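Construct all of the structure, not just a fragment, from the sequences and the given hints.
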Amino acid sequence: MGRRAGEVRNWRVIVALLVVAMGIRSLTIMHPHSGEGKPPMHGDFEAQRHWMEITTALPLREWYRDGPENDLQYWGLDYPPLTAYHSYLIGAVGHKTIPEAFALHSSRGYESYSLKVFMKLSVIFSELLVYFPGAYYAVTGVAHVKLEHNRHQWIALAMLWLHPGVLLIDHGHFQYNAVCLGLTLFAIGAVARHKWWLGSVFFVLAVFFKQIALYYAPAFFFGILALCLQSRGGVGNVLATGVVVVAATAVVFSPWIIEQDWDGILQVAHRMFPFSRGLYEDKVANVWCSVSPVLKLNRLFEREVVLRISAGCTFLSLLPGCLCCFRRKYGNGTWVAAVVISATSFFLFSFQVHEKSILFPAVAAVLLPVASPPGVAMNLTRAVAIITYVALFSMYPLVVKDGTHVLYVCLSLVTIVFVEFACATTPVWRRGWRCVLLSTTAVHLVHFTFSPPSSHPDLWTMLFCWVSCFYFIAAAAALTICQYNCFYDLKYSSKVE
Amino acid sequence: MYHFYPVVPYAMLLVAVKLLATYCYRSTDFEVHRNWLAVTSKSDVAEWYVENTSQWTLDYPPNFAYFERGLAYVADWVDPAMTEVDNLCYASEATVIFQRVTVVLGDVFLLFSAYALFSVLVPRESAVWGAVTQLVFHPGLLIVDSIHFQYNSFLYALLLISFWFVSQKQLVAAGIVFAVLVCFKHIFLYIAPAYLIFMLKRFVFASNNPVAAFATVGTAVAATVLLCFAPFLHQMDVVLARMFPWGRGLTHAYWAPNVYALYNTADVLLQKIMRVEAERATCVNTRGLVDNYVPGEPTHAVLPSITPKVSLALTAGGLLFMSYGYWKLRGNGMLWRFAQGKHWDGIYLVYELALLCATSSIVFFTFSWHVHEKAILMVSIPLMVLVQCVPPSLSEVINNVTQAGTLSLYPLLFEPAELPFKVCLTLALFFVYPLTYPTPIPLEALQTTIPKADSQLYAHLPHLFVDRFLLGLTVAAALYQSVHAFLPWGGVYPFLPLIALSATAAASLLLSFARLVHFCSTVCCGWLLHCSVLAHCPT
Chain A
1 MGRRAGEVRN WRVIVALLVV AMGIRSLTIM HPHSGEGKPP MHGDFEAQRH WMEITTALPL
61 REWYRDGPEN DLQYWGLDYP PLTAYHSYLI GAVGHKTIPE AFALHSSRGY ESYSLKVFMK
121 LSVIFSELLV YFPGAYYAVT GVAHVKLEHN RHQWIALAML WLHPGVLLID HGHFQYNAVC
181 LGLTLFAIGA VARHKWWLGS VFFVLAVFFK QIALYYAPAF FFGILALCLQ SRGGVGNVLA
241 TGVVVVAATA VVFSPWIIEQ DWDGILQVAH RMFPFSRGLY EDKVANVWCS VSPVLKLNRL
301 FEREVVLRIS AGCTFLSLLP GCLCCFRRKY GNGTWVAAVV ISATSFFLFS FQVHEKSILF
361 PAVAAVLLPV ASPPGVAMNL TRAVAIITYV ALFSMYPLVV KDGTHVLYVC LSLVTIVFVE
421 FACATTPVWR RGWRCVLLST TAVHLVHFTF SPPSSHPDLW TMLFCWVSCF YFIAAAAALT
481 ICQYNCFYDL KYSSKVE
Chain B
1 MYHFYPVVPY AMLLVAVKLL ATYCYRSTDF EVHRNWLAVT SKSDVAEWYV ENTSQWTLDY
61 PPNFAYFERG LAYVADWVDP AMTEVDNLCY ASEATVIFQR VTVVLGDVFL LFSAYALFSV
121 LVPRESAVWG AVTQLVFHPG LLIVDSIHFQ YNSFLYALLL ISFWFVSQKQ LVAAGIVFAV
181 LVCFKHIFLY IAPAYLIFML KRFVFASNNP VAAFATVGTA VAATVLLCFA PFLHQMDVVL
241 ARMFPWGRGL THAYWAPNVY ALYNTADVLL QKIMRVEAER ATCVNTRGLV DNYVPGEPTH
301 AVLPSITPKV SLALTAGGLL FMSYGYWKLR GNGMLWRFAQ GKHWDGIYLV YELALLCATS
361 SIVFFTFSWH VHEKAILMVS IPLMVLVQCV PPSLSEVINN VTQAGTLSLY PLLFEPAELP
421 FKVCLTLALF FVYPLTYPTP IPLEALQTTI PKADSQLYAH LPHLFVDRFL LGLTVAAALY
481 QSVHAFLPWG GVYPFLPLIA LSATAAASLL LSFARLVHFC STVCCGWLLH CSVLAHCPT
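Each protein sequence line maps, in turn, to chains A and B.
Under our numbering, the residue at position 301 of the first sequence is numbered 301, and the numbers go up by one with no gaps.
Under our numbering, the residue at position 281 of the second sequence is numbered 281, and the numbers go up by one with no gaps.
Incorrect hints may appear among the rest.
Unchecked claim - Cut-off 20 Å, straight-line C-alpha distance, at most; resulting in silico cross-link-like pairs (SDA-like, lysine to any residue):
(1) B:K169 - B:A213
(2) A:K96 - A:F125
(3) A:K38 - B:E93
(4) A:K401 - B:L196
(5) A:K401 - B:S92
(6) B:K328 - B:V180
(7) B:K272 - B:L262
(8) A:K96 - B:L510
(9) B:K169 - B:V180
(10) A:K38 - B:A94
Hints are computed from structural coordinates only; laboratory data are not their basis.
The model shown is predicted, which means the values in this text are computed figures rather than measured ones.
Next up, the structure:
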């Protein structure tokens, strides 16, 4: 009887949470988006619209190729095929609803009320179909106990569904990161359930939706490898997983394979990895950008060398965390920590990083408290909440560019309330949180009150980078040290509830 | 006095959620209030009610004008162009954010006053938060204030402060606050009869010297009103003409869900059935124009015309019925003497006054001339104060009022961008708001303490099958009305879905009103009294 009542309550809480998450998204529809009213290039909103225009108007083999009909200089498609298919689907619906917004060439830079509503709705629907179930699958997958017994799972589910970063980037700035994140979360949930073949399929899909999912790749590689080797079947499992990955890739590229357009596949790969671009875009809270006032890697070395240095640093920083997966019978906590460390290392050290990329470590980190033993879950929830706030803070330069201040203020308020009144409840955490809050508020105040010195117009933006980069490095280091001390391992912590 | 510290995080959350609606659709009321900012800051006080550059002239009582004058000081600093009288329909981003923020600050004020009031009414901390949440996130306020754009929240905050004074048994102060409130927005005259009869019974005739008591409260209220109107006493005719524009039609463009909505619907149906060729009559109503009343012309095609006199008579009759019932309230003498002197009799008074206010609003909403659909808030919000203490089935009746009332507000938001929000809000009405409902006081707990005669009445709690059915119809009508314009056949009969929504919401609301009135006329006093006792001695 009591159990049934509990189940009913769970169902009602989940629906209520879903309705609140959707309601908040529905209020963001009319918020400004990137590049609104800024010709000639506009921003990511226009890029997404342009891809819908291209994919619906041109045959598949021309999507990624420069041609008379497809000017790659103007927001050429540089995301993997799944994004292109996704654009095609939405564009097909769009052609039925607002044909003039997706007409080839003539729709360039098209802006209207109905297009805005249509595009924002497409984000909401994509999230509803992929990200929401993905988050649920991942949270229940990495957990040790059932949902109703553990409030950290509820917190994690709420934090994922209402993640301020996702809201700011996908619904404010305008992108479809949540689809990629949703597929990744499905993959994490599957691997945590020891269904590594399913996990690899989802991960391949995530990577071929947005190549940035490769941030997670080392952790998935080592995690799945260790899982395969440690379970019955051993090397056979590894081979089977390899076959699954190749098969999934083949399915994604099947239109090219059927046409035997091998050049086309190379062209897609070439578009996906634009090494000709810079080390980082705009001002990013990663290491290379933060040290740039004293050490400008781009100016010192050739592009090839820079690429090698950044790749080397990335691997050096992610390897310790990922190798922990080879401990005998590692737990989900260890593996999720490896995923977070991998993504954070990429963000901090890799090549061509955007400020939006912080979303990827930040979202994965939400799973950490759920995956860890109950004894450490509360402390991890606190840490994750604080890092979520810092991640939001680090994206402020983007907010200024897009004009999404109102959304930023709302999301910051909610995050601050959550940390201040629900998380920073012990003296140590309170002190740490005060430090974060004071430093970020000080930067905001400086940015708001004074205009930057004319000799260094980017100085205030750099302040945002330095402060958040400091916290990110600290978090990554703490994470790795904890990883080495078996912090996330069930074996070494208190027993399951 | 109170520990307001726990309200701070809640206020921050409230601000965050309400501010999200900044870029949503805003009605002409946004421009109305911008114009008032300009008029009050740029012209002399004597010109406020004369100035007519914009068509949206100042038509609220003086307190609201002073309020706008105060805001204008800040507005000038935010964006000077905002307070130019000739800058019609000016809506820069700074203007929009400024005006939205002022509304949200009103919500914060409502939050604090609700917390103060419910801390007195409900000693259980969790129930306090449930009640506060129901008030500050009231779905009707979300639509009317946060999106459509009006300043209701801080006015309701004043009403709650008046209630708070009642709970402290400072009835004169409560009367003064209410007088101030009426001088902010005269729609609060809807509940003036409630205050009048309440003051007469509980203050004037409850005191040893009724004449002196009447003089005290009368002077206080009259002085307040005079003070508020002081700068305009020489031009009261102008001010009153602005505040009460006579000559409007029986119903607003979109029929508020009251008796006349059903009457109009019946008229339209009869007209179709009997194939009456009407030249003017109800057709004008259904075309959605703000119809003017022309004396002598028929208002309906088939059914008898409704003249202002009929409406006035119905309203007055309803109010008399309410007053009589209240004066003769069952169990009054014995229970009241029982209550007096105890620390919870103030609480009992608040419950009583809230119920009276709701009843008075119900009478006006149902019967009076040219009612706006937004006036449902006047019924719903006083009821929210009661939700804590009423029997389980009645709390469902109150929720029914909130739900049907909210659905009837949907036509206010008609642009496609708000459609997803309306869908989410509909789901929230049934899946999220119920989580904030307090656990009603169980029947058994009361039956042990109430007199036998009363307890038999409690056994007759109504079954709500019909209510649920009508509410379901209202949901269907509201959702269909929301999408109608976007359907391929949306251009045909654009007002048919509006009529359907009006009629179903009216049926649903009127049934709930009837149940409330029935409750008031039977078990009210004993029930409320026992709830106020139980609130302090939980079993």
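Contradicted hints - numbers only: 4, 6 and 8
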